[in-house]
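As given, the protein sequences belong to chains A and B, one line each in that order.
Taking the numbering used here, I'd label the letters of the first sequence as residues 691 to 1030.
Taking the numbering used here, I'd label the letters of the second sequence as residues 240 to 528.
By construction, these hints were calculated from the structure, which means they are not laboratory data.
Note that the structure is a prediction, hence the values are computed from the model and not measured.
Using N, Cα and C, we set each Cβ at its ideal position, and we do this for glycine too.
There could be a bad hint or two in this list.
Claimed, not checked - Only some residues are given here: those of chain A computed to face chain B with a beta carbon under 7 Å:
1. Arg796
2. Arg797
3. Phe804
4. Ala809
What the hints assert, rightly or not - Listed next, with one range per pair, are the computed distances between beta-carbon atoms:
5. B:Ala273 <-> A:Ser863: 40 to 46 Å
6. A:Arg856 <-> B:Glu428: 26 to 32 Å
7. B:Leu278 <-> A:Glu879: 39 to 45 Å
8. B:Leu504 <-> A:Pro831: 50 to 56 Å
9. A:Arg856 <-> B:Trp354: 41 to 47 Å
If you want the building blocks of each chain, they are given just below.
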Amino acid sequence: MLAKKTLARKGTPDGRAEDRRDALGISGLSLAVGTGERAIPLLADVTVRVGRGETVGLVGESGSGKSLTARAALGMLPRGARATGGVTVADVDVLAAGRRQLRDLRRTRASMIFQDPRASINPVRRIGDYLTEGLRARGVPARAAAERARDLLDQVGIRDPKGAMRRFPHEFSGGMLQRVVIAGALSTEPELLLADEPTTALDVTTQAEVVGLLKDMQRVHGTGMLFVTHDLDLAAAICDRVYVMYAGRIVEEAASASLFAAPAHPYTRALLEASPSVHGEKAEIKAITGRPRALAESPSGCSFRDRCPLAGDECAGTVPAHRPHGTSLVACVRPEQVTP
Amino acid sequence: MTLTIPALRARSAKRRRRRPLIVSLAVAFLILVAAMGLLAPVLAPHSPDATSLLNSLLPPGAEGHWLGTDSTGRDVLSRIMYGARLSLLAPLGVVLLSGLLGTAIGLLAARAGGWADAVLSRGMDIVFAFPSMLLAMLVVAVFGPGLTAPICALAVSYTPFVGRVVRSVAIQEGTRPYMESYRVMGFGELWVTLRHLLPNVVPVLVAQSTLAFGYALVDLAALSYLGLGVRPPDADWGSMISQARSAILQGEPWSGLLPGLVVLLTVVSVNVLGEHIGGSIGRKQSEGA
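Can you make the complete structure from the sequences, with help from the hints?
What follows is the structure, given as structure tokens:
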């Protein structure tokens, strides 16, 4: 249903009223470093939308530009990068925002969770400092901030929140620390939560707990979440919609249910076939031939054309436009051959 | 002595190693010297300035004068005790000043990068290449003897000693992911640098400052020996050695040897401690991360 809504919005000029309610709206974002002849493109025409309270997956191989996209949402562009297109977070135009506006945005409207919790907390500061710092910066009095932090620690399932406030990061396990980071990210009641592979550095069993917690917290707080991952199964399991990225471009957007049942882009299907499954018969795992490309080194026309089993001459001309196929939006000239 | 620096504690809590005996001895000696200076008015058996020509150049163990007397009959033990005050406070001043300057310059160079880093780093190299004693003597020649001028001069020449290390550690820490995670939380560069990066630099700063303390103590003692530091009759170890020169020529070396020994032991203790702190940081960094 959500996917249909997006489809309906595309092309209709009156979709703007809806735009205003989005937690994150990235439209036609292109990013390049360097100038003139030596410019290296990083992202091309990336469009991602996250509604309030919606969970949206951003899936792709390493180097596909998914983290870059998530960072761009906070205005954190690589040094010397030029961006065109539009990025709005809760009605703030990120690309046009000044330093002060960006700072306010990061403090109040949007939070980010990183891959490795141990690396993303200052090792010499106590957990309590980590959690209250953001609140204190917003002008919350010390006592109220501490109370809120204890409350959040309790919510994310840390036992003895009072004692935990006085501990140092190294006294926690990775999973516990990621819970602390989640608590910190939600402490400012953001409208948008950017989760950049939040479970990649954790054990599989811990992964499930953390993902479950993330979903619960998101539901309770009504936060829109962009879940960046390379794990298609994980994304499909927790997201309402999924964007598949390849070489700095979005190649498919679909509701997660239909993405599994009927992948519309050859790359999505190849990804699904490349992941092993414990269900059903022992199917052969098909690796995708070639290696993932960055945007700068991808071929003309469709970036996936040199690895695509279905590629033909018409793929080389221009970059395929996004078009509806089934319930998906896909950047492929013949999706009917992928899902008949 | 327990170091209550969060970074050291956070990193050392996992595995606490036994402190080597030599380090404990060094710390004990430093505490003893500091206590002597602090409690000199209570502990000293005599006034440090009371002369008694009848009792001049007594050897150690003489009645009423445990460590003997100098050429004007002043009690050596009392003078060592009172001398500890200036001899320890002056290097402390040097260390505090150079630590402050070095940290500021090092952090600025590391965080600003680019041409600011280049200018500051080359500036530190130039100061580093200039002999500290020569600078101190020049400053004394211009401003006259007394402690303030040499302390400032030594502080300036020790600044690169601290600043270069702070800069390299700050550059290294600046690339750690937690820096970005605080930036994402909406904190500015200055805040992140002072509140999150600086505490991670403190252990190295402590180690480097401890070593600088030892060097400063020797340099200041040398300046006093040359008559460019402490003005007589104020007691200070360097000037005590200086005033014992004629006595040494007369075959009565004790009034010079004893303060010399105290200087030696203090500097060795400080260096042992500094090496230990620096070494344990290096160990923790290679173990962790």
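Status of the given 40 to 46 Å range, CB of serine 863 of chain A versus CB of alanine 273 of chain B: holds (43 Å)
Cut-off 7 Å, beta-carbon criterion: hint that arginine 796 of chain A touches chain B: Because about 3 Å separates arginine 796 of chain A from the closest Cβ in chain B, which is inside the 7 Å limit, the hint holds.
Cβ distance range 50 to 56 Å for leucine 504 of chain B and proline 831 of chain A, holds or violated: At 52 Å between Cβs, range holds.
Hint check, phenylalanine 804 of chain A versus chain B [nearest Cβ-Cβ separation less than 7 Å]: holds (6 Å)
Evaluation of the interface hint that places arginine 797 of chain A against chain B, nearest CB under 7 Å: Because about 3 Å separates arginine 797 of chain A from the closest Cβ in chain B, which is inside the 7 Å limit, the hint holds.
Assessment of proposed distance window 41 to 47 Å (beta carbons of arginine 856 of chain A, tryptophan 354 of chain B): With a Cβ separation near 44 Å, arginine 856 of chain A and tryptophan 354 of chain B satisfy 41 to 47 Å, so the hint holds.
Minimum beta-carbon distance criterion (7 Å), alanine 809 of chain A to chain B: holds (4 Å)
Distance restraint evaluation - leucine 278 of chain B, glutamate 879 of chain A, Cβ atoms, bounds 39 to 45 Å: Violated: the Cβ-Cβ distance is about 57 Å, outside 39 to 45 Å.
Verdict for arginine 856 of chain A, glutamate 428 of chain B (Cβ pair) under range 26 to 32 Å: holds (29 Å)
Checked against the numbered hints given earlier, the structure breaks only hint 7 and satisfies all the rest.
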